[in-house]
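Given only the sequences and the hints, what does the whole structure look like? Please build it.
Residue numbers (the numbering used here), protein chains in the order written: chain A, 133 to 474; chain B, 1470 to 1946; chain C, 9 to 408.
Please keep in mind that the hints were generated in silico from the structure rather than gathered at the bench.
Quick caveat: nothing in here was measured; it's all calculated off a predicted structure.
Warning: the hint list may mix true and false statements.
[To be verified] Restraint ranges, calculated between C-beta atoms of paired labels, are given here:
id, chain 1, residue 1, chain 2, residue 2, range
1, B, Ala-1713, A, Ala-424, 44 to 54 Å
2, B, Pro-1551, C, Gly-58, 38 to 48 Å
3, C, Glu-45, B, Pro-1551, 50 to 60 Å
4, B, Gly-1498, C, Glu-332, 30 to 40 Å
5, C, Pro-374, A, Glu-429, 37 to 47 Å
6, C, Asp-357, B, Glu-1511, 24 to 34 Å
7, C, Glu-332, B, Glu-1511, 26 to 36 Å
8, C, Asp-372, A, Ala-424, 32 to 42 Å
9, C, Glu-362, A, Arg-310, 50 to 60 Å
10, C, Glu-362, B, Ala-1492, 31 to 41 Å
Ideal Cβ positions, reconstructed from N, Cα and C, are used throughout, including at glycine.
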Amino acid sequence: MTASAVRTGTDTTGAVQSLTLGKALNQGLRAAMEADPRVIVMGEDVGRLGGVFRITDGLQKDFGEHRVLDTPLAESGIIGTAVGLAVRGYRPVCEIQFDGFIFPGFDQIVSQVAKLHARTRGRVRVPIVIRVPFGGGIGAVEHHSESPESYFAHTAGLKVVACSNPVDAYWMIQQAIRCDDPVLFFEPKRLYHSSALKAEVDTTATPDPLFASRVVRAGTSATLITYGPSVKVSLEAAAAAEQDGNSLEVIDLRSLSPMDLEPVFASVRRTGHAVVVTEAPAESSLSSEIAARIQQECFYSLEAPVLRVTGFDVPYPPAKLEEHFLPDLDRILDTVDRSLAW
Amino acid sequence: MPDFKSFPLPDTAEGLTEAEILAWHVQPGDTVTVNQIIVEIETAKAAVELPCPWAGLVTEIHVAPGDTVAVGTPILTVDVDPGGAAAPAAASSASNGAAPAATDSGAEEEMKPLVGYGSKAAAVTRRPRRGPAVPAGSGAPAAQVGVQAAFDRAASVPIEVEKEPAAPVPATAAAAGSPRSAVPLAKPPVRKLAKDLGVDLRTVVGSGVDGVITRDDVTTAASGSTVDSQPAASLNGVAPSYDAATRERRVTVKGVRKATAAAMVGSAFTAPHVTEFLTVDVTPMMQLRASLKNHPDFRDVKLTPLAFCAKAVCLAARRTPDVNATWDEAAGEIVYKEYVHLGIAAATPRGLVVPKVRDADRLSLRELAATLQELTDTARDGRTTPAAMLGGTFTITNVGVFGVDTGTPIINPGESAILAFGAIRDTPWVVDGEIKIRKVCQLALSFDHRVVDGQQGSQFLADVGALLADPGIAITY
Amino acid sequence: MSSPEQWTHPEPGETPAATAASPSAEQVIAGLRATSEGGSELVQLLTPEGERVPNERFDPYVADVTADDLRGLYHDMVLVRRADREANALQRQGQLGIWVPLLGQEAAQIGVGRAMRQTDMAFPSYREHGVAWCRGIKPQELLGIFRGTDNGSWDSQAHRFHPYTIVIGNQVLNAAGYAMGQRFDGKVGDDDGEATVCFFGDGATSQGDVHEGFVWAAVYDAPLVFFCQNNQWAISEPTERQSRLPLYQRARGYGFPGIRVDGNDVLGTLAVSRWALDECRHGNGPVLIEAFTYRMDAHTTTDDPTRYRISDEVETWKLKDPIERVRVHLVRHEMADEAYFDSVQADADAMAAELREFCFSMPDPPTSHMFDSVYAEENPYLAAQREEFLAYSASFEGGH
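As structure tokens, then:
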């Protein structure tokens, strides 16, 4: 994070707070609702319960039931009515309870949310934010650990972002709400309550732009390109790589559509080695897109093909097998070794 | 026999990493039953009561109310067999050959919970591997070649992906330079290099694993040192095209031709060339040469006039080091060198090649002669290595070999002077006021006027000429 | 056979349920009454106090129930509850990642479960452990989903009990299709006809899939019983958040009968389920049953109900316990004595101990299971991934 937004210290009141990712989202939502009365939050169990992950905790109490809606149990209903509310002038922030439950709403997202602006030649805007807890590693049952971001990055008319840390979470949710385009906002659920990932959030700072990537670790041997929950494991892999004598550069994409790839290209031109890390399976995915673009822009710089470390092309497995499915430190470094030895 | 079981803090809500202990409902010494509520904890989601997994005696509580505990941390220990005889160490070791109870009487069996996020703490180091971590070469090119070969061979047979071909399809021999059906194996940066140097990868034999073409392979090919010594017509694998209508033949500019042309242009239009001429009576040199032929040291060495010329150049360069220096435009410096790497221009079937005699100034006449002989043979065979062609400081171009008198040679890029050594002819010459027939040749020195002034150039040329005219002068150096 | 006159004629209640974000006092009271009492059209054969009340329409469907049968129903409910409590404890002990409790809904599930025949098909949601019990699936076989070793691997075709469906409402559409298949196969029209029962909760009735299921089952006359367990809560959302009117009244809009039964009355549920299945077998389906019950525990072990509902409500429903009313009835009518209840308790304890031991020793599946069974036919791209992964795993000391 930019230096201006990070301070050391134990101050938990005032402008600088030490927050988990989940609490940072909560504070960001709160700030967005205070700034604009047209912002409303809607979803299953978001009001009285405060959300199954407590991300909307306290918002209904403070802003009222007309701004924080406990909805009936229907994702297509949540998204579809949000479209209508947006047409009416509201700025809805929808919560999909878990990634695997977004599919009943897929029709509304692709057919209406993504297309309305183009259909009306820009007269009608759809400033909807659809928040989705995504990714695995929480030992859950089926449909609770998916990574469906590729479907939405593939859909023109949508913008897609993924935060990876509390500081980004705090700012990106507000920026997404202010954005006049519909934004799919992916949140790494396994990191919501991680106290190890707590960070100081300075609410007076100036944040990075929403649709920008960031080099989170400088290096010279190879470039790791990643986002969301995989940023953490990539940084851990880079730290371990020092012992092998390899200096890995790690780039957090942050924005999945539109992607800010210039920093990635510049990095790959320096290192000659690119490895993409995602939980989402590789076949016909965002990682495929990244590989295609890198080979196009950095062709003469590539000492090895762009390699990918991803979930396998299987349905997300039962919890006891998920650690084998998810990219981990060993698999990332094994792939880096392959790239360097090419 | 006491059987201790340790209860690790569970993840009660899909992905929790820690919890705070609120209150214990039991204490050490209490008897507990299965599912009896023993403790209350607070997580990020809720306050939860935990039931005991076993029946038995609580022996120890490991965490206190108020503690924040990571999932997986043992929170209490229960002896599930408290009534069992607590056998003393001696007795238990006598009962069976098991490990002595002294260290073992309290061995705890930690229950393996369904691991929540906390128990599987993120790894920070790599797990140990068996054998080499990465298979050498990864087999990727072999696999690719294997698949390509499979497609080539199996036109009418359903294609099966070959996982491991028995042996990599050998990179097709450079025989006849015929184009291969598959794309040559080379990494993008090597391809770019080949493109810039005008090398056709289809004619290059890859020296890398599985026939992959390396950077060195390309630079070698660019300097014309491959085995292939086919006539220029089929060098590029492309037959020159003769057009009967125009009576013209077009040959694509590639390879060494292209590289040489680029070098010439670069030199000619960068360094301000000045050429000075000197005609020398080298009869004494030729006489010395004749007499040295019978010398034991020179019996098995071919002593050419070129060797004398080379020796003269090295000696003269000591007096005028400027001709051995380099103009470094980027650094804004002239680089004076303490060594003479003498380039000898040679014509080969592939074109102009300039191998270097390294540290020529340290070689005796005999060593120079031997090295020159070897260099020329190697160049004629097309076996000059890329290393041998780098780093020259001065070049001699022996135009005399072609029966040519002199010329205006172009300086080799990276150097500041070049000497054309002309043919040695019987020529009428004035000796002591009389016309005699002498062995005469012309020297032409082109030099870079940024580095070498007229006076220095002239001095150098005169010195070379003097040494060739009267080799005895060398004794004064 | 039933005809439209015999259908329940639903009219909206005297006071509409709370729909606005800020309900009026009358609406709150009406809501509370609805959740506690079920309304005037609730079918009930056994009161919370264990009294058998006559019901002209449904008594015939339980006329054959003997003391033995009643004791059997009691036994079922006690064991099912015990399995549920044991699994809940196992989760709290870290042996299961999550558990979905059915506490309070035993009668609803045993009632319909024992009404079904072996040839009937069941499409559960993810809480129907009591129905699984009736279909011959032991509690052990359910654990894989919650422990994270599999996604529901009992033989669903043999038991006629579809795998648990976690996406809300999907199974209702799937069930409609299956029931259509029963009709297309000519298995519908007489006493020997087949039927299908799909299970879902009050929250699910907001999902499009459920409404589409209603439409399809109706237009194709599918032999489908829509069994809705209205346990009053969809995580933190009360039923008022899903509907303006009682759920059973929805069926009218689609053109088939809807009926509300006391879901805590095993006898009533059995009777109504038998009637509904009978209708379906004879080709008069579909039918909607709303079993009016209460979710006594949390939505899952991850949930914390203290954040959204008052404990008084739970206390009220304890007085309507499904097992207690049968116990009282058995005692009052001298159909069971202390020895009998002790033996049932012993059975429950034994079953729980077996379940516990099984759970503790459940092995992890081999890692290759991720790749196996993704396709019925070979996929070479995936096969290559599998080989690569297994080789990579084997390259580590200690296997993987």
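Consistency of the hints with the structure:
One distance hint, 44 to 54 Å for the beta-carbon pair B:Ala-1713 and A:Ala-424, holds here, with the actual separation near 48 Å. Range check, B:Pro-1551 to C:Gly-58: about 43 Å between beta-carbon atoms, so the 38 to 48 Å window is met. Separated by about 51 Å at the C-beta atoms, C:Glu-45 and B:Pro-1551 satisfy the suggested range of 50 to 60 Å. About 36 Å separates the C-beta atoms of B:Gly-1498 and C:Glu-332, a value consistent with the hinted range of 30 to 40 Å.
The hinted window of 37 to 47 Å between C:Pro-374 and A:Glu-429 holds, with their beta carbons roughly 42 Å apart. Checking the proposed 24 to 34 Å range against C:Asp-357 and B:Glu-1511 shows it holds: the Cβ atoms sit about 32 Å from each other. Checked against the given bound of 26 to 36 Å, the beta carbons of C:Glu-332 and B:Glu-1511, roughly 32 Å apart, stay inside it. In this structure the supplied range 32 to 42 Å holds for C:Asp-372 paired with A:Ala-424, their Cβ-Cβ distance being about 37 Å.
The supplied range of 50 to 60 Å is met by C:Glu-362 and A:Arg-310, whose beta-carbon atoms lie about 58 Å from each other. The hinted window of 31 to 41 Å between C:Glu-362 and B:Ala-1492 holds, with their beta carbons roughly 32 Å apart.
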